[in-house]
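Q: Below are the chains, spelled out letter by letter.
Number of protein chains: 2
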Amino acid sequence: MADAGIALDVVGRGREAETPRNSLVARIDRPLKLDAGVELAPFQIAYKTYGTLNADRSNAVLICHALTGDHHVASPNPVTGKPGWWETMVGPGKPIDTERYFIICPNVIGGCMGSTGPASTNPKTGKPWGLDFPVITIRDMVRAQAMLLDELRIDSLFAVAGGSMGGMQVLQWAASFPKRVFSALPIACATRHSAQNIAFHEVGRQAVMADPEWRGGRYFENGTNPRRGLAVARMGAHITYLSDPALHRKFGRKFQDRENPTFSFDADFEVESYLRHQGSSFVERFDANSYLYLTRAMDYFDLAADCNGIVANAFKGASTRFCVVSFTSDWLFPTSESRAIVHALNASGVRVSFAEIVTDKGHDAFLLDEPELFAIVRGFLDGAAKARGLKNGV
Amino acid sequence: MADAGIALDVVGRGREAETPRNSLVARIDRPLKLDAGVELAPFQIAYKTYGTLNADRSNAVLICHALTGDHHVASPNPVTGKPGWWETMVGPGKPIDTERYFIICPNVIGGCMGSTGPASTNPKTGKPWGLDFPVITIRDMVRAQAMLLDELRIDSLFAVAGGSMGGMQVLQWAASFPKRVFSALPIACATRHSAQNIAFHEVGRQAVMADPEWRGGRYFENGTNPRRGLAVARMGAHITYLSDPALHRKFGRKFQDRENPTFSFDADFEVESYLRHQGSSFVERFDANSYLYLTRAMDYFDLAADCNGIVANAFKGASTRFCVVSFTSDWLFPTSESRAIVHALNASGVRVSFAEIVTDKGHDAFLLDEPELFAIVRGFLDGAAKARGLKNGV
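The listed protein sequences derive, respectively, from chains A and B. Per the numbering used here, residue 195 is the first one in the first sequence, and the count goes up by one each step. Per the numbering used here, residue 195 is the first one in the second sequence, and the count goes up by one each step.
Just chain A, same shape as in the assembly (with noise of 0.2 angstroms):
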């Protein structure tokens, strides 16, 4: 189970987690207040900037990642030398216009990447945190993000945009700091995260866990790297990021490489190969201890409950223009939940456009080529720059 061109061990990992390769890095000393009660001082965030901000600073453009994503949203990624995550949609000319716009993007707290997170060293000890570090949530990520937009100097942010824990974020964003948001783009996401979502999440964790060289999530110290225990929560997330008629339609019942069965447990259907792929190419670039971190993030996500159980009332008096987008193959964060999202902005009398997109793609379809997507995203981002008064360029 090794992904060509990709090795990163567990030192390495410390490594990047620590000193991010291409990377700006924000070093605060101001505490982070977290949601768990205690202090995170001083922290450290990870992040990439595309574009040039305007003379008023007004046009700046946050996103947001996703669970298993980092900033490196619009360059090739320094750990797995790919593309990055987003450039289908950010770039010169492109929806996210880098040569209008002036794009943040930084790495979750919590995150492996470069922002403090479980695989950084505790001050305390000198040792990495591992199951030490405070459990974070999409609360305590937003509070990072803003202090860092305190460090850069940006009050209002023209657009926050993200998909699926990205949303989540984006959502948060809205709720936290109605004032700093100009306009928000929730795509494929929810005001808080499912029994089901929930249920998916805890069998990663478990089987991470359930891995004997997790050890109580000390592996660094160990020298131990719970690969298999994460390779296989992977492959679980990625069923459920794709679609029924998408796996179908890619892989049917094919056969890998051959004609008949094998009559054995090898993987004889390309489905079976293709997720043993996506596993083992995880484990390479992602934190094991991250990944249980993360993950629980989004379970705790829920608008609602901050707000005596109303999700609208999170939204009351924002001024914030929406714009909610949702798959009609995304059975993770189905279309019902943008439409609650949808009816809280209408209950707050907030402005907010919701498109569904017609596709087979699943919940990864924010990811993908989908045209439609593209040009809602640019609509509504010229829409908004008009009602900002941002000039066409920078």
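Be aware that one or more of the hints could be misleading.
Which copy is meant is left open, because identical chains are indistinguishable; a pair holds if it fits in one copy or across any two.
Pairs of lysine to any residue, SDA-like flavour, derived with a Cα cap of 25 angstroms [claimed, not checked]: (1) Lys321 / Ser523; (2) Lys318 / Thr243; (3) Lys444 / Trp525; (4) Lys448 / Leu562; (5) Lys373 / Asp576; (6) Lys288 / Pro272; (7) Lys444 / Pro528; (8) Lys227 / Ala512.
If you are wondering where the hints come from, they were derived from the structure by calculation, not from laboratory data. Note that the structure is predicted; figures quoted are calculated from it, not measured.
Following the hints, put chain B in place on chain A, whose structure we already have.
A: Just chain B, lined up with the frame of chain A:
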């Protein structure tokens, strides 16, 4: 991770595989010709019967169990101490009425409850088969059952019934032995396993095989037990047996025995605690290698592949009368799969009725208290009994 009252270690597991409690056992010397191209001889089948075979030997109903089921269909399970898995359906006065029909339920070949499988002793080595056991198919299971019926001198079954993997066996029975099947009740199944379902199974197998205690399948000799891997496999699979609405209704985002999150990786949410229990209780009653073999058999199932790609050919000229049942919230074997069965039967000119039952209980609905299912099964068997000329009593 232990379930009160159940504690079958690997030694007990092996014992149950060889000399199952509260079971009839047929030891068959004739070789079972397997799809893998090898012969299995001798082999044994553990089974249960309920009711009385009539003088004509014409009232026998074969019940085929699902992936993790067994032959204890309508009487207490000697391993778990729990009631039979289909006591709501099978018994005196129940839809499959033991006062009227003679019920036979065998444990499948490859299983671990007394029919020959990977936990049984390989006569050549005197040790458990482990992965030396040949990979078996649904057709092999059915062949073995036909040989059991030969031993019992039952030429023709009044009915064959089963859900999920049991439904696959029902379809295979009608395809392989059309003259021996008067009526067939395939519930919540399909003519072939989908790419998504193969993918879920592969994750489960990888979870088992990633457990170092699995030892390449030789855990019996090593005195180890891949409990954690098998528990993870079961947790993931269990989610697919339910539905998002059912999980939402049962658990929602409710915390387990507390008001607020613990900010930890404990089972904070009720759904997590429930899943962990599903995993831990399963490993006390099921053999890890059997799980590999039976999931594989389901993956290989593809009726069309045996008939030049046309499912209808599988049923050509059959006089069996069918009743096909699906459930609206079953996303593992959705109604579209059952419709495909019905279309194939229609194309073959076979008599078939079809019912889609509205329920939010997901795939597992076939095991649960579903009055509409009971009414349909009772009505279908009544009609078939009249057509067969069965008297009301035995």
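Q: Now look at each hint and say whether the structure bears it out.
A: Against the structure, the hints come out as follows:
| no. | hint | in the structure |
| --- | --- | --- |
| 1 | Lys321 / Ser523 | neither (44 angstroms within a copy, 49 angstroms between copies) |
| 2 | Lys318 / Thr243 | neither (31 angstroms within a copy, 67 angstroms between copies) |
| 3 | Lys444 / Trp525 | both (18 angstroms within a copy, 19 angstroms between copies) |
| 4 | Lys448 / Leu562 | within (24 angstroms within a copy, 34 angstroms between copies) |
| 5 | Lys373 / Asp576 | within (20 angstroms within a copy, 69 angstroms between copies) |
| 6 | Lys288 / Pro272 | within (22 angstroms within a copy, 65 angstroms between copies) |
| 7 | Lys444 / Pro528 | both (21 angstroms within a copy, 19 angstroms between copies) |
| 8 | Lys227 / Ala512 | within (24 angstroms within a copy, 71 angstroms between copies) |
Consistency with the previously given hints fails for numbers 1, 2, ordered from lowest to highest.
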